[in-house]
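*Asks:* Sequence:
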Amino acid sequence: MSVDNSNLINNKNSVTSDILYNLKNSAGTSRRYRINVPPSNGQTFAPGTQMNFSIPCNRKNTYLDGQNSYLRITVKNNDASQMLLDNTGASLINMITINQSGNLIDQVPNYGLLFNYISDFTYDLGAHIGFLSAYLGTSATMTSTGDITLSIAGNTVTNKNVGDKIGSLTAESFSAVRAGLTIQASGQSTICLPLLCAVFLNSDKMIPLGKLKSDIEFIVTLETLTRSIVSTSSPPTAWSIISAELVLEIIELSDTSQMIVDSVSPPEYPIYIHSNEWRYFSNTLPNGSVGNFTSLVSARYNSLKTLVCLPQPTADTTAQNAYSLSSRVNPNIMNYSWRVGQIVVPSKNVTLRNDNTTGGFSEGFIEVMKTFHGYNNNLCRPLIGGAEYNIWDQAASIPLNIAQKAVNTGSYLNGFAIAQELEVYSTRSDVILQGVNTIAQNCFFDCNIDTAVTANYLLNFFANFDVILAIENGVMRTIL
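Residue numbers for the sequence shown follow my numbering, so the first one is 770 and each next one is one higher.
The set of hints was computed from the structure by calculation and includes no laboratory data.
Some hints here could point you the wrong way.
What the hints assert, rightly or not - Subject to a maximum C-alpha distance of 30 Å in a straight line, what follows is the list of computed DSSO-like cross-link-like pairs (lysine-lysine):
id, residue 1, residue 2
1, Lys1139, Lys1117
2, Lys982, Lys829
3, Lys982, Lys793
4, Lys829, Lys793
5, Lys982, Lys1139
6, Lys1117, Lys974
7, Lys829, Lys845
Said to hold, decoys possible - Listed next, with one range per pair, are the computed distances between beta-carbon atoms:
id, residue 1, residue 2, range
8, Asn1118, Ala903, 41 to 47 Å
9, Phe1213, Arg1246, 27 to 33 Å
10, Pro1115, Asn837, 33 to 39 Å
11, Tyr1038, Ala1221, 56 to 62 Å
The model shown is predicted, which means the values in this text are computed figures rather than measured ones.
The beta-carbon is built from N, C-alpha and C at its ideal position, and this holds for glycine as well.
Construct all of the structure, not just a fragment, from the sequences and the given hints.
*Replies:* Listed below in structure tokens is the structure:
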């Protein structure tokens, strides 16, 4: 069989790269090494306190590989009863702050809530009970939700009578892995956390530490006791961080290799690095709210990429026996949209519930998946499924395939979320800046609630936006 597509389109002819035998370029002389940075303000830390780290800078020809760096912490249960992490080990962190030369580079409040939301929609069941349980603090097993009894229904078997129990199967909920790692009384566990912030995972390129005159300050604020873990003990289970290190991967170039970098980015000119950041906003939805509801989201940036809304029963956010950073419930929202200035996004409301035309919140779910560029990508397999997403504030509706919210220690079953993609070419954000410019306009979340909510709700909003890290005269700053 011959192939001749020369008349298909006027373009260059080529062959597959599999039979082009060109050699790879050789790397310039360089080396990789790891440094472990301890906190500068102590060795053990209680809930609600800060851990301060300094990332060493002004070392010749060195670069921070943020993609392969992480925070290592060991948490100890100081109580006589067991405790559970809230979904992941990130539940122990409330906020991450990064400063350099007096400039605020990044600050991510409610870090555990954001991290858990992202892990819910990017890692599947196998990942949570598999490799993530080895380092991220997820549960390595699924909590039993009931037994199915197997009994003899026909003729008797030797030494057995009709109706005798001969065994059982355990019915499991996939979302049970969201219950988090169990740490036994007086036990401890080490957790290694990748870092969702501007100079680590979010940065498109390595950070040239050798170009910075002063160290980068990396501050971790720990979460409060009642929000960070789940326990039914009284008084509440106490924990502490007994060991912590910021583990950094550093690349060091030879002078010859550095000359290659300088030929592209001359030392006398500023260096610009693309990255992205998250910011947090909130509002309250009072008990009894019904009808139209609007919330201002003050997300003003040059390139706004994504807006997220995570509704939570307010009582869950401070309860020791509830999943304060994982329980997310639809407060009876029928439909919603966002307003960016005068533009409604999407142009037609997203419908979550219509008794005549819907069953479940599928449209909302697919909009969330679009923000992860994953609804048509088989590599993106969320842990959250229909059973966890279709959760609301009223009695269960079997015809509509919607369940009532779970409470207390079962609240890990609540996995609802709302998100909106704002990029024009959403799958090509790696090569082009294409978010919405909201510098001079407000953003609003508009929704319609058909049945009065039965509790106070906290609406947690996150905005993801492009930033540029600018390095000039030994100082780093952010351009939003």
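*Asks:* Hints first: check each against the structure and report whether it holds.
*Replies:* Hint check results:
1. Distance hint between Lys1139 and Lys1117 is fulfilled; the C-alpha atoms sit about 16 Å from each other, no more than 30 Å.
2. Our distance criterion of 30 Å between C-alpha atoms is met by Lys982 and Lys829, whose separation comes to about 11 Å.
3. For the suggested pair Lys982 and Lys793, the alpha carbons sit about 35 Å apart, so the restraint of at most 30 Å is broken.
4. About 27 Å separates the Cα atoms of Lys829 and Lys793, which keeps this hinted pair within 30 Å; it holds.
5. A C-alpha spacing of about 41 Å is found between Lys982 and Lys1139, which places the hinted pair above 30 Å, so the restraint is violated.
6. Distance check on the hinted pair: Lys1117 and Lys974 sit about 38 Å apart at the alpha-carbon level, beyond 30 Å; violated.
7. Between the alpha carbons of Lys829 and Lys845 the distance comes to roughly 39 Å, so the proposed pair goes past 30 Å and is violated.
8. About 43 Å separates the C-beta atoms of Asn1118 and Ala903, a value consistent with the hinted range of 41 to 47 Å.
9. Take Phe1213 and Arg1246: their Cβ atoms lie about 30 Å apart, and the range 27 to 33 Å holds.
10. In this structure the supplied range 33 to 39 Å holds for Pro1115 paired with Asn837, their Cβ-Cβ distance being about 37 Å.
11. Take Tyr1038 and Ala1221: their Cβ atoms lie about 60 Å apart, and the range 56 to 62 Å holds.
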